[in-house]
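So the chains spell out like this:
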Amino acid sequence: MKLTVWTYEGPPHVGAMRVATGMTDLHYVLHAPQGDTYADLLFTMIERRDHRPPVTYTTFQARDLGADTANLFKTAAQDAYDRFKPQAIIVGASCTAELIQDDPGGMAETMGLPVPTIPLELPSYQRKENFGADETFFQIVKTLAKPMARTKQITANLIGPTALGFRHRDDIQEVTALLSDMGISINVVAPMTSSPADIARMGAAHFNVLMYPETAESAARWMERELDQPYTKTVPIGVGATRDFIAEVAAISGNEAYLDTSRLRLPWYSKSVDSTYLTGKRVFLFGDGTHVLAAARIASDEMGFEVVGMGCYNREMARPVRAKAKEMGLTATITDDYLEVERVIEALQPEMILGTQMERHIGKRLGIPCAVISAPVHVQDFPARYSPQMGIEGANVIFDTWVHPLVMGLEEHLLHMFREDFEFHDAAGPSHHGGHKPATSVDGGPAPQPAASPGGLSGEMKNGSVIWLADAEKELKKIPFFVRGKARRNTEVFAAERGVAEISVDTLYEAKAHYAR
Amino acid sequence: MTELPRLPTSGGCRETPILKQRGQREVFCGLTGIIWLHRKMQDAFFLVIGSRTCAHLLQSAAGVMIFAEPRFGTAILEETDLAGLADAQDELDKVVDELLTRRPDIKQLFLVGSCPSEVIKLDLAKAAERMTQRHAPSVRVLNFSGSGIETTFTQGEDACLASMVPVLPETDDRQLLLVGALPDVVEEQAIGLLEAMGIGPIKVLPAPRADADLGVGKNTVYALTQPFLGDTHDALTRRGARHLPAPFPFGEEGTTQWLAAIASEFGVAPDLFEQVTAAPRARARKAIAQAAEALNGKSIFFFPDSQLEIPLARFLTRECGMEAIEVGAPFIHKGLVGPDLDLLATGPTISEGQDVDLQLDRAKAAKPDLTVCGLGLANPLEAEGLATKWAIELVFTPVHFYEQAGDLAGLFSRPIRRAALLKLEAAE
Numbered sequence: 002m003k004l005t006v007w008t009y010e011g012p013p014h015v016g017a018m019r020v021a022t023g024m025t026d027l028h029y030v031l032h033a034p035q036g037d038t039y040a041d042l043l044f045t046m047i048e049r050r051d052h053r054p055p056v057t058y059t060t061f062q063a064r065d066l067g068a069d070t071a072n073l074f075k076t077a078a079q080d081a082y083d084r085f086k087p088q089a090i091i092v093g094a095s096c097t098a099e100l101i102q103d104d105p106g107g108m109a110e111t112m113g114l115p116v117p118t119i120p121l122e123l124p125s126y127q128r129k130e131n132f133g134a135d136e137t138f139f140q141i142v143k144t145l146a147k148p149m150a151r152t153k154q155i156t157a158n159l160i161g162p163t164a165l166g167f168r169h170r171d172d173i174q175e176v177t178a179l180l181s182d183m184g185i186s187i188n189v190v191a192p193m194t195s196s197p198a199d200i201a202r203m204g205a206a207h208f209n210v211l212m213y214p215e216t217a218e219s220a221a222r223w224m225e226r227e228l229d230q231p232y233t234k235t236v237p238i239g240v241g242a243t244r245d246f247i248a249e250v251a252a253i254s255g256n257e258a259y260l261d262t263s264r265l266r267l268p269w270y271s272k273s274v275d276s277t278y279l280t281g282k283r284v285f286l287f288g289d290g291t292h293v294l295a296a297a298r299i300a301s302d303e304m305g306f307e308v309v310g311m312g313c314y315n316r317e318m319a320r321p322v323r324a325k326a327k328e329m330g331l332t333a334t335i336t337d338d339y340l341e342v343e344r345v346i347e348a349l350q351p352e353m354i355l356g357t358q359m360e361r362h363i364g365k366r367l368g369i370p371c372a373v374i375s376a377p378v379h380v381q382d383f384p385a386r387y388s389p390q391m392g393i394e395g396a397n398v399i400f401d402t403w404v405h406p407l408v409m410g411l412e413e414h415l416l417h418m419f420r421e422d423f424e425f426h427d428a429a430g431p432s433h434h435g436g437h438k439p440a441t442s443v444d445g446g447p448a449p450q451p452a453a454s455p456g457g458l459s460g461e462m463k464n465g466s467v468i469w470l471a472d473a474e475k476e477l478k479k480i481p482f483f484v485r486g487k488a489r490r491n492t493e494v495f496a497a498e499r500g501v502a503e504i505s506v507d508t509l510y511e512a513k514a515h516y517a518r
Numbered sequence: 004m005t006e007l008p009r010l011p012t013s014g015g016c017r018e019t020p021i022l023k024q025r026g027q028r029e030v031f032c033g034l035t036g037i038i039w040l041h042r043k044m045q046d047a048f049f050l051v052i053g054s055r056t057c058a059h060l061l062q063s064a065a066g067v068m069i070f071a072e073p074r075f076g077t078a079i080l081e082e083t084d085l086a087g088l089a090d091a092q093d094e095l096d097k098v099v100d101e102l103l104t105r106r107p108d109i110k111q112l113f114l115v116g117s118c119p120s121e122v123i124k125l126d127l128a129k130a131a132e133r134m135t136q137r138h139a140p141s142v143r144v145l146n147f148s149g150s151g152i153e154t155t156f157t158q159g160e161d162a163c164l165a166s167m168v169p170v171l172p173e174t175d176d177r178q179l180l181l182v183g184a185l186p187d188v189v190e191e192q193a194i195g196l197l198e199a200m201g202i203g204p205i206k207v208l209p210a211p212r213a214d215a216d217l218g219v220g221k222n223t224v225y226a227l228t229q230p231f232l233g234d235t236h237d238a239l240t241r242r243g244a245r246h247l248p249a250p251f252p253f254g255e256e257g258t259t260q261w262l263a264a265i266a267s268e269f270g271v272a273p274d275l276f277e278q279v280t281a282a283p284r285a286r287a288r289k290a291i292a293q294a295a296e297a298l299n300g301k302s303i304f305f306f307p308d309s310q311l312e313i314p315l316a317r318f319l320t321r322e323c324g325m326e327a328i329e330v331g332a333p334f335i336h337k338g339l340v341g342p343d344l345d346l347l348a349t350g351p352t353i354s355e356g357q358d359v360d361l362q363l364d365r366a367k368a369a370k371p372d373l374t375v376c377g378l379g380l381a382n383p384l385e386a387e388g389l390a391t392k393w394a395i396e397l398v399f400t401p402v403h404f405y406e407q408a409g410d411l412a413g414l415f416s417r418p419i420r421r422a423a424l425l426k427l428e429a430a431e
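Sequence lines, in order, name chains A and B. Numbering-wise, my numbering puts 11 at position 10 of the first sequence, and it's gapless, one number per residue. Numbering-wise, my numbering puts 277 at position 274 of the second sequence, and it's gapless, one number per residue.
To be clear, the hints were calculated from the coordinates, so they are not data collected in a lab. Heads up, the beta-carbon is just placed ideally off N, CA and C, and yes, glycines get one too. Don't take each hint at face value.
As a list, the in silico DMTMM-like pairs of lysine to aspartate or glutamate whose alpha-carbon atoms are at most 25 Å apart [to be verified]:
hint: 1; chain 1: B; residue 1: Lys367; chain 2: A; residue 2: Glu48
hint: 2; chain 1: B; residue 1: Lys367; chain 2: A; residue 2: Asp51
hint: 3; chain 1: B; residue 1: Lys370; chain 2: A; residue 2: Asp51
hint: 4; chain 1: A; residue 1: Lys3; chain 2: B; residue 2: Glu101
hint: 5; chain 1: A; residue 1: Lys3; chain 2: B; residue 2: Asp126
hint: 6; chain 1: A; residue 1: Lys234; chain 2: A; residue 2: Asp302
hint: 7; chain 1: A; residue 1: Lys3; chain 2: B; residue 2: Asp100
hint: 8; chain 1: A; residue 1: Lys153; chain 2: A; residue 2: Glu227
hint: 9; chain 1: B; residue 1: Lys370; chain 2: B; residue 2: Glu296
hint: 10; chain 1: B; residue 1: Lys97; chain 2: A; residue 2: Asp338
hint: 11; chain 1: B; residue 1: Lys124; chain 2: A; residue 2: Asp104
hint: 12; chain 1: B; residue 1: Lys97; chain 2: A; residue 2: Asp337
hint: 13; chain 1: A; residue 1: Lys86; chain 2: B; residue 2: Glu385
hint: 14; chain 1: A; residue 1: Lys3; chain 2: B; residue 2: Asp93
hint: 15; chain 1: A; residue 1: Lys3; chain 2: B; residue 2: Glu132
hint: 16; chain 1: B; residue 1: Lys426; chain 2: B; residue 2: Glu387
hint: 17; chain 1: B; residue 1: Lys426; chain 2: A; residue 2: Asp51
hint: 18; chain 1: A; residue 1: Lys3; chain 2: B; residue 2: Glu94
hint: 19; chain 1: A; residue 1: Lys75; chain 2: B; residue 2: Glu355
hint: 20; chain 1: B; residue 1: Lys124; chain 2: B; residue 2: Glu101
hint: 21; chain 1: A; residue 1: Lys513; chain 2: A; residue 2: Glu474
hint: 22; chain 1: A; residue 1: Lys86; chain 2: B; residue 2: Asp360
Distance windows between CB atoms, simulated [as the list claims (entries may be wrong)]:
hint: 23; chain 1: B; residue 1: Leu425; chain 2: A; residue 2: Thr111; range: 43 to 53 Å
hint: 24; chain 1: B; residue 1: Glu385; chain 2: A; residue 2: Glu328; range: 47 to 57 Å
hint: 25; chain 1: A; residue 1: Asn256; chain 2: B; residue 2: Ala86; range: 49 to 59 Å
hint: 26; chain 1: A; residue 1: Ala497; chain 2: B; residue 2: Glu191; range: 48 to 58 Å
hint: 27; chain 1: B; residue 1: Gly300; chain 2: A; residue 2: Gly67; range: 48 to 58 Å
hint: 28; chain 1: A; residue 1: Arg84; chain 2: B; residue 2: Gly341; range: 31 to 41 Å
Just some of the chain B residues that point at chain A, by a computed CB distance under 8 Å [said to hold, decoys possible]:
hint: 29; residue: Val30
hint: 30; residue: Ser54
hint: 31; residue: Thr56
hint: 32; residue: His59
hint: 33; residue: Ala64
hint: 34; residue: Glu81
hint: 35; residue: Pro119
hint: 36; residue: Glu121
hint: 37; residue: Leu380
Could you build all of it, start to finish, from the sequences and the hints given here?
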């Protein structure tokens, strides 16, 4: 048993729903109690889809348990087939149905439905959403895709995008354009946009572009083995990664590498004079492994930030994330415990968080700006405008998204010159926090307070005896808010290392001089 | 006392045969009640003993990002817990210790049963008893089920309040108990009106804090503010308290009749009743009339969701001039919504439970001007050209009593006014 406040991933059957909902002419019969239909709103409300997910729930109740839940399943499966006439059906159980052991897969097979019926084994008490998506897509591909003659021209399948994915819709368009510029057309995009009939002709492509390892790596490996289709290992998020991706595609396809950079703005924007103040900004990265790995490279190489911490919530990606962190001289935080991530951020006091909606939330509480780079996401991360993460335009989008919270910081910095002005006093708070002071809850209720710490010392100093003297504390407040955390932390470390118990104004400035570059 | 010019009721719907179909439902489970209850009971924590799905449901239903650290959480069952029940009880003790150490401000802890914990028959009553002994007197531990195999949506609140009734102290005081979690502002309005009539003492279940001076006994009379409180009703009756049946306090008419039932019990003089209610009644009528302009003559179709459907259909047909096509409710407790059914003119299909595909077929065939439904159906129906109202807003928004009657009508008129406002043809 594990205490959870927020979770990064849903249960594995939600992953299966993300695959099914992205596809057409596929139906998911899910053995589940009535409450599990909540998952529909993820798609209709958070993603603003105009169709219900193609899922029929058996909706069993307590009174069915002693009786005949198996028959309930068969009726639901038959009704679903009759009503929706899908090309293929996937069947599975949610966590509760798993406990009553009805074997939906076996039952569906005995029903003799005239379309392929694909059973899913998604152990709810061991695995999570990304596993569910990856496994579901793998089973669909394994059942339906067959070796076949290659297309005359060189084509690729784009694999991995699902419903409810972070900007998947726009990434498809971007990657399609990258390949098109190299004379490579798309055979099938899957699971999103494909039907079971499309899956059946995936074997005609010359290679696969693995867009999101989280959701399609198993299928990519299987197709490499069984259909003799190599797959790309580089995820083209960021300028460097996009260039590497193009080189990798050239090597696989034999086509000449070509990248149209006429619309690329990130490198120049990064070099422009007003970007000087971005130098060495201390950022913390957290999210799914794919986006965090890409973000680490962009942050350090393309933005000139200092990555002070990174990690991912999906253990499947732990190895590459740990390796990347080590390369950057860090220890990766691999956890799906929201509270642990919060503790790490609190101790590091970064100047910006690049994370998920969960970290945005932590940032709000700690007064640290945050840009969202990965799922789990909220309705605001499904914008109406074109907003990819991959390719050239993705790099432009990422520059904007990351810099905006800091630009607001620059604004605050300039306004600081007028700090005695009645409108710009310190307590007014930074403007990018939406008019709320940090640690004030949005609904007007009592805000949950961070653990009390003497003199507002940061996490690791709580047990020490370092005390901020009033003058020093006052002086600290004169430092612009977005570097104040760093100044506080540096001073405390400086004091602790020297066995100084009280921080005076002098200690503050000695520390400043010590850390000055 | 309610000499209102109303439409003839043509007999009412109490005896109308109820359409019962059994199939897939599109409704939240009772766990979601936690989302408003944890705001209402300020020293309570709700610990769901369930699966990752439960945790995911709660954060999705809570809009993911509303609260920095909500006063609810999930103890996620893992493989090891499923292996043996003794283990699960020990594990639960550990989780609760961890929780109470982290949140020493918690005075009431609810262990909330879920589908998986019910299926494996995890005994939460036993756990609650053990923990109450262990953590008394600082924390009281109770349990109830919010599972989707036992409860739908608002029934979670019912199960929670019902679990509190047996541990309320005994009192012989003559008192009025208002039952149901309402937004504070609405609750204060109701109490204000009743006190102005000289009715008292008035107590409220749930109280905002555990240490509230709240008892129950044979001299307690109670009025329900929500139509989904069937189990709580039964639990209070078992404690000797007496129910004051009435239409629910939605709209001017419902509020007046609800107040009148209480006033009659406490012997309030008609003059005094009139004096207290005249001004707010007039305000409510005026506000409803304004919002109802867009609703008059329009048809409405209710998918089952909150169990507020029958009282709302009564309000919308009688006070806003709408025509109800179908009124679906997850459960119909005639002992509670009977007075509302009496006032609802015959005509609409009254349905209980759901087979969502069949009900969607009926809704699409009927082409109602407004469809009230859960979040999973709203956007897909909008895409088919049906204006919709999310049922969940009716639970979160202050909609009870006179001063909110106009807002309540406004919730329904807004989608219709918006549809009239948008001129998107050129863009499509």
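Now for the hints, and whether the structure bears them out:
no. : hint                            : verdict
1   : B:Lys367 x A:Glu48              : 23 Å, holds
2   : B:Lys367 x A:Asp51              : 15 Å, holds
3   : B:Lys370 x A:Asp51              : 18 Å, holds
4   : A:Lys3 x B:Glu101               : 10 Å, holds
5   : A:Lys3 x B:Asp126               : 18 Å, holds
6   : A:Lys234 x A:Asp302             : 20 Å, holds
7   : A:Lys3 x B:Asp100               : 12 Å, holds
8   : A:Lys153 x A:Glu227             : 20 Å, holds
9   : B:Lys370 x B:Glu296             : 20 Å, holds
10  : B:Lys97 x A:Asp338              : 17 Å, holds
11  : B:Lys124 x A:Asp104             : 21 Å, holds
12  : B:Lys97 x A:Asp337              : 19 Å, holds
13  : A:Lys86 x B:Glu385              : 24 Å, holds
14  : A:Lys3 x B:Asp93                : 12 Å, holds
15  : A:Lys3 x B:Glu132               : 21 Å, holds
16  : B:Lys426 x B:Glu387             : 17 Å, holds
17  : B:Lys426 x A:Asp51              : 19 Å, holds
18  : A:Lys3 x B:Glu94                : 8 Å, holds
19  : A:Lys75 x B:Glu355              : 23 Å, holds
20  : B:Lys124 x B:Glu101             : 24 Å, holds
21  : A:Lys513 x A:Glu474             : 14 Å, holds
22  : A:Lys86 x B:Asp360              : 14 Å, holds
23  : B:Leu425 x A:Thr111: 43 to 53 Å : 50 Å, holds
24  : B:Glu385 x A:Glu328: 47 to 57 Å : 49 Å, holds
25  : A:Asn256 x B:Ala86: 49 to 59 Å  : 55 Å, holds
26  : A:Ala497 x B:Glu191: 48 to 58 Å : 52 Å, holds
27  : B:Gly300 x A:Gly67: 48 to 58 Å  : 49 Å, holds
28  : A:Arg84 x B:Gly341: 31 to 41 Å  : 36 Å, holds
29  : Val30                           : 6 Å, holds
30  : Ser54                           : 4 Å, holds
31  : Thr56                           : 4 Å, holds
32  : His59                           : 4 Å, holds
33  : Ala64                           : 6 Å, holds
34  : Glu81                           : 6 Å, holds
35  : Pro119                          : 5 Å, holds
36  : Glu121                          : 7 Å, holds
37  : Leu380                          : 7 Å, holds
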